Every structure is written in C-alpha cells, then in structure tokens.
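Dock chain B against the given chain A, drawing on the hints supplied.
There are 2 protein chains.
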Amino acid sequence: MGGSSLVKVFKFDNFRSGVRFVVKVGKLADGANHHPEVKLSWGKVEISLTTHEQLGLTQKDFNLAKEIERIQL
Amino acid sequence: MGGSSLVKVFKFDNFRSGVRFVVKVGKLADGANHHPEVKLSWGKVEISLTTHEQLGLTQKDFNLAKEIERIQL
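These protein sequence lines are chains A and B, in that order.
Using the numbering used here, the final residue of the first sequence is 1555, and nothing's skipped along the way.
Using the numbering used here, the final residue of the second sequence is 1555, and nothing's skipped along the way.
Okay, chain A solo, but in the shape it has when bound (with noise of 0.2 Å):
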C-alpha cells in the first residue's frame, strides 16, 4: 500500500535500555541492509519500517519487523 509504515512502540525502563534495543536494531538493521527510522525518548522507541523505493511496505520490511519482535527486551 503506497506510502504505509510497519509501525511499533517498544516500552522500557529507563533510557539505556532503550539505547541497548536501539543497537540491536542497528544490527539486525545492517544485516539486512534495510534500515527503520527510530524515535527514541525516555523509556521508550518507536520503530517505523518502509520501503521508500517502492514508496510503501514489502517484504523487506515484514522480514525486518519480525527479526526486531524476535529481540530480547
């Protein structure tokens, strides 16, 4: 669907936990070379996934969605 996000809101504790998440994304993100943008604040990040050259979501972003969900909170 053009110009849709994969959107999710992770729930932390404190700040570096939330820093901690954001570098495991940044892995899994260079591994796939397929990057989200991040919103981090206190206690909290928000991942948004999208495939800008196809100006909608494929299966690159579900791909990468379920590889972050996969992580270790």
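Please note that the accuracy of each hint is not assured.
Any copy will do: because identical chains look the same in the list, a pair fits if it lies in one copy or spans two.
[What the hints assert, rightly or not] Computed cross-link-like contacts, BS3-like style, restricted to lysine-lysine with a CA-CA straight-line distance of at most 25 Å:
hint: 1; residue 1: Lys1493; residue 2: Lys1521
hint: 2; residue 1: Lys1542; residue 2: Lys1521
hint: 3; residue 1: Lys1493; residue 2: Lys1509
hint: 4; residue 1: Lys1509; residue 2: Lys1548
hint: 5; residue 1: Lys1493; residue 2: Lys1548
hint: 6; residue 1: Lys1526; residue 2: Lys1506
hint: 7; residue 1: Lys1506; residue 2: Lys1521
hint: 8; residue 1: Lys1526; residue 2: Lys1509
hint: 9; residue 1: Lys1542; residue 2: Lys1506
The set of hints was computed from the structure by calculation and includes no laboratory data.
Treat the numbers as computed from the prediction; the structure is a model and nothing was measured.
Using the frame of chain A, we list chain B on its own:
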C-alpha cells in the same frame, strides 16, 4: 520560552555511525539525568532537547547540548 526545543541534526555516512553517536548521547544524557528525544534514520540523527517540567528550555538543555556537540563524530 514555553514549548521551545533545541534541535540539531547530525549527519553520518551510514546507519551504524548514527547508532554509535546515539550510544554516546545516551551516556551523556544518563550522566546529566536529562534525556533528549532522538530521531535516527540512515545517515542522520536529530537531537531535540527541552525541559518538560518547565514546558520549555532551561540551563539543563543548554548544558547537555554543549556536551553533545563535543562528541567526536
């Protein structure tokens, strides 16, 4: 000034370098017990600082902004 933020965008050559920068920002933020909002995407990190309890900017924001600007990119 009510509702104001300090916002700065830092540019990088890849996602990983942006993540590394966010890790350094996180350490400074924990050290200052004051935490920014961070937007990370490929090649770019946007840092926003404000003091929620004051609905605007305080010395805490300016101090942390200075520390973040001193990070070696």
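Non-conforming hints, listed in increasing numerical order: none
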